[in-house]
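Construct the entire structure; sequences and hints are all you get.
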Amino acid sequence: AAAGCSTDWPNLFIKYDLRHWMANFFLMAHSKELVLFKYFCTPISDAIFQMLPGERERVTAHLRALGMTDERIRHVPRRYWRRYCRYTIPAPEVLCRRLQSVYAFFRELADPGAPYPRPFFNAKHASIFKNSMWYIKRGYLSDPPAMDMYVEAKTLATGLVVYRCLRSTSPLEGYHLHLRQVYKA
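Residue numbering for the sequence shown follows our numbering, starting at 6 and increasing by one per position.
Among these hints, one or two may not hold up.
Said to hold, decoys possible - Lysine-lysine pairs mimicking DSS-like chemistry, simulated, CA-CA at most 30 Å apart:
(1) Lys129 x Lys43
(2) Lys20 x Lys129
(3) Lys20 x Lys43
(4) Lys20 x Lys159
(5) Lys43 x Lys135
(6) Lys135 x Lys37
(7) Lys37 x Lys20
(8) Lys135 x Lys20
(9) Lys159 x Lys37
Unchecked claim - Now the in silico label distances, taken between C-beta atoms and shown as ranges:
(10) Arg63 x Ala151: 39 to 49 Å
(11) Glu76 x Ala28: 30 to 40 Å
(12) Asp13 x Arg63: 25 to 35 Å
(13) Leu17 x Lys159: 28 to 38 Å
(14) Met56 x Ala28: 16 to 26 Å
(15) Pro120 x Ala162: 50 to 60 Å
(16) Gln105 x Pro150: 14 to 24 Å
(17) Leu171 x Ser50: 10 to 20 Å
(18) His25 x Pro150: 20 to 30 Å
(19) Ala66 x Pro122: 46 to 56 Å
(20) Phe18 x Pro122: 41 to 51 Å
(21) Lys159 x Lys37: 26 to 36 Å
(22) Asp13 x Pro82: 36 to 46 Å
(23) Ala119 x Ala66: 37 to 47 Å
Think of the hints as simulated: they come from the structure by calculation, not from any bench. The C-beta atom is built at its ideal place from N, Cα and C for all residues, glycine as well.
Shown next, in the form of structure tokens:
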């Protein structure tokens, strides 16, 4: 295993809730209000989530069935692809390498919106990063190999199957899911 990553992670079925992990990871920034913050969050998300093979084509076929041209499809917002495509969280070695690259890039950047020169990360960033990587290296975020993390929710008129992700459905998170469904009705 690379860089101290667990080799037994595929057998680990207790996972750390990804939303809470990300919330803790983002505490490295001085503030969520910083100009760079969204530019930090996007590559972190891209480092964590890997689109499953064939997903872009599956959703593109749906968009074409709606009458969209290739030019319009090229301008479909990122959040649309995130909503309808399925993703996996790769093995710890891959995740470590990707997250370390993003961290290394932002570690030396200054906050361009600050009234005085200051780094984008706060003084506790190294400790937060080290603690966060502990979970990554042990496989607490990686999806178990060959386990489908999605269930079919519905099929749209175009034939697109919409899936619900099973990640972050601990008993507490699952309870919140049902509360949200009740309040929607």
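To test your reading of the hints: which numbers does this structure violate? The structure conflicts with hints 9 and 10, although it agrees with all the remaining ones.
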